[in-house]
Amino acid sequence: MGAGKIRGQLLKGTTPLLVLTVLRDGELYGYEIVQKVREKSGGTFAPSEGSLYPALHSLEADGALLAEWRESDKGPRRRYYRITPKGSGLLAEHEAEWAAFSVGMARAVGSRANG
Amino acid sequence: MAKFVGALLASAVLILGTAVWARGFALPVSIAVLLAWAIVGDVELAHRDARAASRNKAPEERGEGPLPATALDYLARLDAELELPAPTRAEIRAELADHLSDSIAAIQADGRDLGFATGEALVRLGRPDELARRLRKAHQTPRRLLAGAAGGVWSAGVGAVQGTIVAATVGLIAAFTIGFGLRPVVDFVATHAIPIEFDPNDLAVGTAMGAALAWIPAFVAGRRAVKACASISARPARQVGRFWALAGILALGWLVVFVLTVQQSWMVVGFELAIPVSFAAGALFKVDAHFPAVAGSWLAVVGGLLLIGPIVLGSVLGGFSVTSGSSGFSTSYTDDSIGWNHVAPHSPDQSINLGYSGSVVGGAPTINVQDPASLSAFHDLRIEAWRANAYPGAPSGPAGDDLGLLDTSYSAPYATAPAVVGADGTIEDPISLIHSRTPKWWIFLTGVGSDGQRYWLGSRPFLVDRTFSGTIWDWVTASS
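In order, the protein sequences belong to chains A and L. Whatever position you read off the first sequence (first residue = 1), add 634 for this note's numbering. Whatever position you read off the second sequence (first residue = 1), add 546 for this note's numbering.
Chain L on its own, in the form it takes in the complex (with noise of 0.2 Å):
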């Protein structure tokens, strides 16, 4: 009943929150009835629990005498072959132990002692190993398993759907935290002791907590499944927690390795990996116990771990921006310490005046000339675009705020393409940055002087900031 209501009030809350902030019905009417179907299952799941719960004291805990020593090791014998869920394996126990106290309080009548009478009793039962082998295969029908394998997949939903109600309370929590609370510890700490920059606006490090909060509703539905699986099917959690981990890793792996399409680096891709991931420890890690159990030191290794794995894979491969304070750069900036004339010399005449619009990746970028007669004295013109890295403590100016450090360990451009200046000044930037990881460009005109050297045009180049999203695979497969 408890659940019931918790349930309901979450989903209440969540609802007319949604409803406020989407101002519309669809999303709160979608997710009304996922949470519908939420209620349904949890409140049939507790149910079920309740039942196994009612019909699992052993003989001992309902009052009834305890039986001889030989009978109750027969029933243990029979315990340990029996390999069923628990709830079935107690009632299997406690319905033989009354037949045996039935048995032997009849032989007993008959005025045999209490050895014989016990050892009579048990030789009519069988061999334990035996007797456990024809009621295991009585309750693992394939029919079971089919039911369990769909009961699975049906809890594993509602257990993704209460998870997903977690996260975002636990994401909402860790937001205020941070925010308020923590923020000049982790401001203090990467500053002084670990060089990341945490920006929590930052697009790159919300997707990534997003997906570090996907954990909770995976884990949650490994578990779910798990449970319901080995309850319908009559077969042991670990024995079924197996192959939902390898179930959940092959789907959930496919799912966010070519399906999920979000803003990636390689800090996100550790993340999502995370999430197949925790599926599998949901439906491996001490599945039987109850979850305050599992709360404990195996979740807090795991969480540990899957915390700790994509920030080290960010870290190496570049999710962060790594920063070393104001103390490596200049306040101001030059053409040489900011790399451009690694490309080519600035022109002599730098009065050119260079426009840039349009989008990079979707849209048809151009580099606007305000009077083309400008570029008279240059021929060959073309295009170029240069990789770049963050610029942190990149001082205001007229660059602006967004700079970047043009990357002089590449010799040449990552791509060069003719410049055609139309007759409204317009120059098309047909180069495409959708196949590379890089996030920041600079973009160059550059044309060849009547001295015969290649000059780069314009006050300034360009700076193209531009997000990578896409699937992981798209991430993996792109150029550098």
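Pulled out of the complex, with its shape left as it was, chain A reads as follows (with noise of 0.2 Å):
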């Protein structure tokens, strides 16, 4: 398996999580958001974008997130997300789960680096 795929699969999941990550700051519609999230993991990695909109839309239906059509500083309408109270809260719990995982990912795969 190659590291572009090793990559995909590990962001399998967190789609969400990343998506509410960068919608705390202020509203953005899609591409700025793939964007948003590159520019943040220092171009390391950005959700696939076709599992962007599906993320987007089914947190919009759970109430985390509300969207607005609007006219865009740079040019025409675009579709706004923004981060509803519901949707810090899945957020805070989202983290906290990402944090358990990520300290137990790194003790696993430290032990076996170290052993």
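Please keep in mind that the hints were generated in silico from the structure rather than gathered at the bench. Keep in mind that the hints are not guaranteed to be accurate.
Covered stretches of chain A, going by a simulated chain L footprint (3 or more residues, C-beta under 8 Å) [as the list claims (entries may be wrong)]:
1. 659-668
2. 676-689
3. 720-730
Even glycine gets a Cβ: it sits at the ideal position worked out from N, Cα and C.
From the two separate chains plus the hints, produce the assembled complex.
Here it is, written out as structure tokens:
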């Protein structure tokens, strides 16, 4: 399995966390979300564009996001997403889960590397 | 706003009219509550429609540059696979068109040509069928389905109220049109072309017309239920329409067959059964289109079938009185011509004075004998109930205007009962006619004379006109 595929597998399931994280700082439209994640990860990764919109629409259906069509600063009308209080709560849960997962993963991978 | 004002005006007129008619408050208040409910639901739906319309614009409509053909083809294939309501599909398409525009522009900015940039942008989005599947899953959640079902029930109620207002208006217009304008035409046709007797004052005809008017609220209710359910549950209207049609047929079918009690005839049965059919038609036919499109050919075809079907059923099974003018009947009647002698010969002593009182349906009818001693020459007295038919063009005379022709196709009475003369000269008639569909009856008092022959007594038997009030099930399971 190549490095790209490993990264893709690792990213699966993290799209909602990444989306909610970048939207915590302010409202964005779909393409901006991809750019923002890429920027925040230092260009290491970005959510798959094919899974971004299903995740956005799913979060919207769950009430974690609100979407609104309006004029953008740079051009035509865009569909902007912003996080709701329910989304903030969901983000806190995701972050706690991710923290526990990453610590455990670091231990597991680290112990094997050391052992 | 126009819908709101229209609903408000209609409500005011209806409430005022009802208050004047009922001279009370209970009914107007009930109607006001129903209409307030309808208005709130209507305004809510109108707002939702407006919101959907505002976000449905395609990229071209929004003044954006056209996308390359391959990108438009991708969006078309995605759209075909989405199976979501049209406003949602349009919204997704617009959002992804924006995304592709941005993505293509960004790749071109890195020095790539348009063809490469478009291909790369599409690869990043993935296969259109897979993206459509994921988006469908994101929208069509079980929670939305439940909310859609509830919203559909609500909207069906709103639609029923609105349809009732429309039906009442149509009914009033129809009554005035037929009563003042078309009545001579209807009479001419009934006399010279179609052998049916149409009397809008007849309760059965009025009931049938009421049932026919119920098609309008049923149609509107079905249509609004599907539209609301599809919109809320994010499913295509044609998909949820099938379930609503089935549910409507079952629920309204059960209501009209087993619950709704009206004056029945085969014609009324046909019109009543068309109510659930009308609901299903509203839920199924061109439900994606706006109303003017539905009001076109399909509505005409369905409406025509709904109208013709019950009339044919009523004509075949006897809902309408079949007339043949006055040519088949004498302008005067005799015991023979009316069929009374089919029962038995008239007694030689025709001065026996009998009367009849009470209700055959609900009360305790009695035959009253003015001079009980006049019956002493007869024994084995009994009451006999014989079926009768309508007597079109019945002559006026001692028998009055409500004659019926005894149905001589029967060789025996429907029922008989021993006649016991009380001390006060009354004979209780215990024969129940409520389990038969026959509307006209001749009730005879008969007795055996000293010559051993059975005679019918009195100057004439008694005609009973009864209405069959019950459900369709009562009507179908009753004897003829």
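request  = Enumerate the violated hints, using their earlier numbering and listing them in ascending order.
outcome  = 3
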